[in-house]
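Chemist: Take a look at the letters that make up each chain.
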Amino acid sequence: MEYILIIIGAVFVNNIVLSYFLGICPYIGVSSKLTTSVGMAGAVTFVMVLATVVTYLIYTFILVPFQVTYLQTISYILVISSLVQMVEIMLKKVSPALYQALGIFLPLITTNCAVLGVAILTVQREFNLLEGIVYAIANSIGFALAIILFAGIREHLDLMDIPKGMRGAPAALVVAGIMALAFMGFAGLV
Amino acid sequence: MSQIKNFTRGFIKENPVFVLLLGLCPALGVTTSAFNGLGMGLATTFVLLSSNIVVSVIKDLIPNKVRIPSFIVIIASFVTIVQLVMEAFLPELFDALGLFIPLIVVNCLVLGRAEAFASKKNTLSSIADGLGMGLGFAFALTLLGAVRELLGQGAVFGLSLIQADGMLVFVLPPGAFIGLGYLIALTNILKKSLKTE
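Going line by line, the protein sequences match chains A and B.
Going by the working numbering, the first residue of the first sequence is number 842, and it counts up by one from there.
Going by the working numbering, the first residue of the second sequence is number 646, and it counts up by one from there.
Looking at chain A on its own, in the form it has when it is part of the complex:
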């Protein structure tokens, strides 16, 4: 039951993009086509779950016992960036097809604040490892839902007659605002 609440909370009520404002760069940057946004969502899911597990283990078994929790930011970002590199190298060898699909998005993920954000939030909320994994999966579903819906809307937006100054990013941001407004309807669900 507890896990279901975590999932609903992270996907709908406190959506990572639309209410926490994490991962805005890819949300605006790679959402102009539906196919690329699906690829990005896949890559984020993969890295986010892995990164949450690894950073959780590092926090509990290295940072806390040695009382160096102030190194959290430095150690997390190092782990995430090397993890991304490793995943890229392994994927290239093990599954070239998946690498073809996700390849170009992987380096971008190092500077995706959603990954680091979820890793830090997992510690802040004092989740255990299993809850942390569920939370990471739920957040990546939330990210995927937001970016794929948004890409679908943006493909239609290209065909609209929009005033010159509003074309591109401004119109996209206003649409994102309306989406966030719609997601606020889920408030109070959990």
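Please keep in mind that the hints were generated in silico from the structure rather than gathered at the bench.
Hints are not guaranteed to be accurate.
Once the Cα atoms are required to be at most 30 Å apart in a straight line, the calculated BS3-like pairs of lysine-lysine come out as [stated by the list, open to error]: (1) B:K766 with B:K704; (2) A:K874 with B:K650; (3) B:K710 with B:K836; (4) B:K704 with A:K934; (5) B:K836 with A:K1005; (6) B:K840 with B:K710; (7) A:K1005 with A:K933; (8) B:K840 with A:K1005; (9) B:K840 with B:K650; (10) B:K710 with B:K765; (11) B:K658 with A:K1005; (12) B:K710 with A:K933; (13) B:K766 with A:K874; (14) B:K650 with B:K704; (15) B:K836 with B:K766; (16) A:K874 with B:K836; (17) A:K1005 with B:K766; (18) B:K836 with B:K765; (19) B:K650 with B:K837; (20) B:K710 with B:K766; (21) B:K710 with A:K1005; (22) B:K704 with B:K658; (23) B:K836 with B:K704.
Fit chain B to the supplied structure of chain A, relying on the hints for placement.
Modeler: Same frame as chain A, now just chain B:
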């Protein structure tokens, strides 16, 4: 002369938020009031300026292959400094900014300037660039914060300007997207009219 150009570029012409669309997460996340926006902007300015200086000083010592990880470690160290200092001296602001303080590490603006500017130019230019870009970022966040605070609560920097209830939506997440969208549109129009003059 070129230093002045490096400095002023960040405000309108290459404003990180309104034109380059970098660092949008904190720009949207913390700008519920003008004060929070300014605090976040100045914290980022400090990190950007410090990392630009260090990177430009030691750029010849770093092997090309490991430059990005080295930049990240330099940036993360300064972020940790900001985090600890702010927690000690400005606990209220620290609570308001919350998660977005450690997330300065992954602000594309900071790493972007280290890679694109500081690793190629001399220290003086890097200082001018870091200050200009950082203050441009702070300016954008303060402006967005002020707009949201004014529309949402009828106040700017806590000073009540309009005696009305305000539109709650501008304090809530959707208002951040909509407010930033219109500010970018205004910048586009402003840039166009500057060009035609």
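Chemist: Do the alpha carbons of B:K704 and A:K934 lie within 30 Å of each other, as the hint requires?
Modeler: violated, 33 Å
Chemist: Tell me if the straight-line CA distance from B:K836 to A:K1005 falls inside 30 Å.
Modeler: Since the Cα atoms of B:K836 and A:K1005 sit roughly 13 Å apart, the hinted pair holds (cutoff 30 Å).
Chemist: Check the hint pairing B:K836 with B:K704 against an upper bound of 30 Å on the C-alpha distance.
Modeler: Roughly 34 Å between the alpha carbons, so the hint for B:K836 and B:K704 is violated.
Chemist: What's the verdict on A:K1005 and B:K766, does the C-alpha distance respect the 30 Å limit or exceed it?
Modeler: Not satisfied, since the Cα-Cα distance of roughly 36 Å exceeds 30 Å.
Chemist: Take a quick look at whether B:K766 and A:K874 sit within 30 Å of each other, Cα to Cα.
Modeler: violated, 37 Å
Chemist: With a cut-off of 30 Å on the C-alpha distance, tell me whether B:K704 and B:K658 pass.
Modeler: Given pair B:K704, B:K658 holds - Cα atoms ~27 Å apart, limit 30 Å.
Chemist: For B:K766 and B:K704, compute the direct alpha-carbon distance and say whether it is at most 30 Å.
Modeler: Status holds; Cα separation ~9 Å.
Chemist: Starting from A:K874, check that the Cα of B:K836 is at most 30 Å away, please.
Modeler: holds, 28 Å
Chemist: Given the hint that B:K840 pairs with B:K710, test it: the Cα-Cα distance must not exceed 30 Å.
Modeler: Between B:K840 and B:K710 the Cα gap is close to 40 Å, so the pair fails against 30 Å, i.e. violated.
Chemist: Given the hinted pair B:K650 and B:K837, is their alpha-carbon gap at most 30 Å?
Modeler: Judged against 30 Å, a Cα distance of about 20 Å means the pair holds.
Chemist: Keeping to a limit of 30 Å between CA atoms, is the pair of B:K840 and A:K1005 held or broken?
Modeler: holds, 15 Å
Chemist: Please work out if B:K710 and B:K836 have their alpha carbons no farther apart than 30 Å.
Modeler: Not satisfied, since the Cα-Cα distance of roughly 38 Å exceeds 30 Å.
Figure legend: structure checked against the earlier numbered hints; hints not met, in rising order: 2, 3, 4, 6, 7, 13, 17, 21 and 23.
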